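Chemist: Sequence:
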Amino acid sequence: MKAIVLKTPGGVENLVLEDIAVPVLKEDEVLVKVKAISINPVDATLRKNDDFLRLVLHLERDHKPVILGWDISGVVEQTGKAVTQFRKGDEVFGMVNFTGHGKAYAEYVAAPESHLALKPASISHEEAAAATLAPLTAWQTLVHLAGVTAGDKVLIHSAAGGVGHYAVQIAKHLGAYVIGTSSAANKDFILELGADEHIDYSKQRFEELVKDADLVVDSVRDASHLERSLQSVKNRGKLISLVMFPDERVSRIALMSRKFLYRMEVASDGKDMQAIAGLLEKGHLRSHISKTFGFDEMRQAHQLIESGHTRGKIVLTV
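Numbering-wise (this note's numbering), the sequence shown opens with residue 266 and increments by one.
Simulated from the structure, these hints should not be mistaken for lab results.
PhoX-like mimics (lysine-lysine), calculated; alpha carbons at most 25 Å apart, straight line:
1. Lys547 to Lys300
2. Lys452 to Lys468
3. Lys346 to Lys300
4. Lys298 to Lys536
5. Lys300 to Lys536
6. Lys452 to Lys556
7. Lys437 to Lys452
8. Lys272 to Lys313
9. Lys300 to Lys556
10. Lys329 to Lys313
11. Lys536 to Lys547
12. Lys476 to Lys499
13. Lys468 to Lys499
14. Lys476 to Lys437
If you're wondering where the values come from, they're calculated on a predicted model, not measured in any experiment.
Please work from the sequences and hints to get the whole structure.
Modeler: Pasting the structure below:
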């Protein structure tokens, strides 16, 4: 089968298309013939950083081949002996083995059945592949960690991005009053997703406009930004960072101001994928795909995700 192998951590030139063996299934796995995959900023981060790569993929130093990615949509080709939920021919999607070695950049992926859900017939494989790591992060943040309920005020940073555009839709589905930050160019997009207000981060200080949020979701990798976000949280409200652990200073401020501060860690979960599938099927959630590449254009896709200015998701067809 064709797979994109990371020869060594570094630039996009180290992503190489190769022929490798089709994976052998464990008893609780299904073999998925992949139709589409999506990529995330973390893919590019791992590609460049050897220590982070080994940590997140749980790899030994001499492990070969290294195949990035976790987000897939495709068709079940084969099932392990212990599999009960799926059968050959089922269309499925999910985030496979995160954290761990998902090996999604391939024509065939061995995936635990507990990480997958049936793909709604009403959406394409491209839309389904997009709706994996990013909405799982949003769902687990808003539902499990924050416990958002109707009437909560939720401030979502980078609301036009991969996680952000799903977070806006899920928060609105839960009945929250949603405020999204982005550049002015994405204002209409964020409001169309259902946000009640938009803040242009380049011209407005969000912490001066919002001081009573029940929840702030921060996806900016900057300690000073996290401290500013804390100012927008009301007493006993929550601030959740998607990308960084708060330093001692910010943690102390949160404690002194009686606010809760968390670092979100997304995990593969088939039940959560089923919940997302239900939202997609009913039209309560949609994937915005900013660019679709061919499988052999992975290098270009990585360059685009590294720009940090994509709207929604980047998808590749296999």
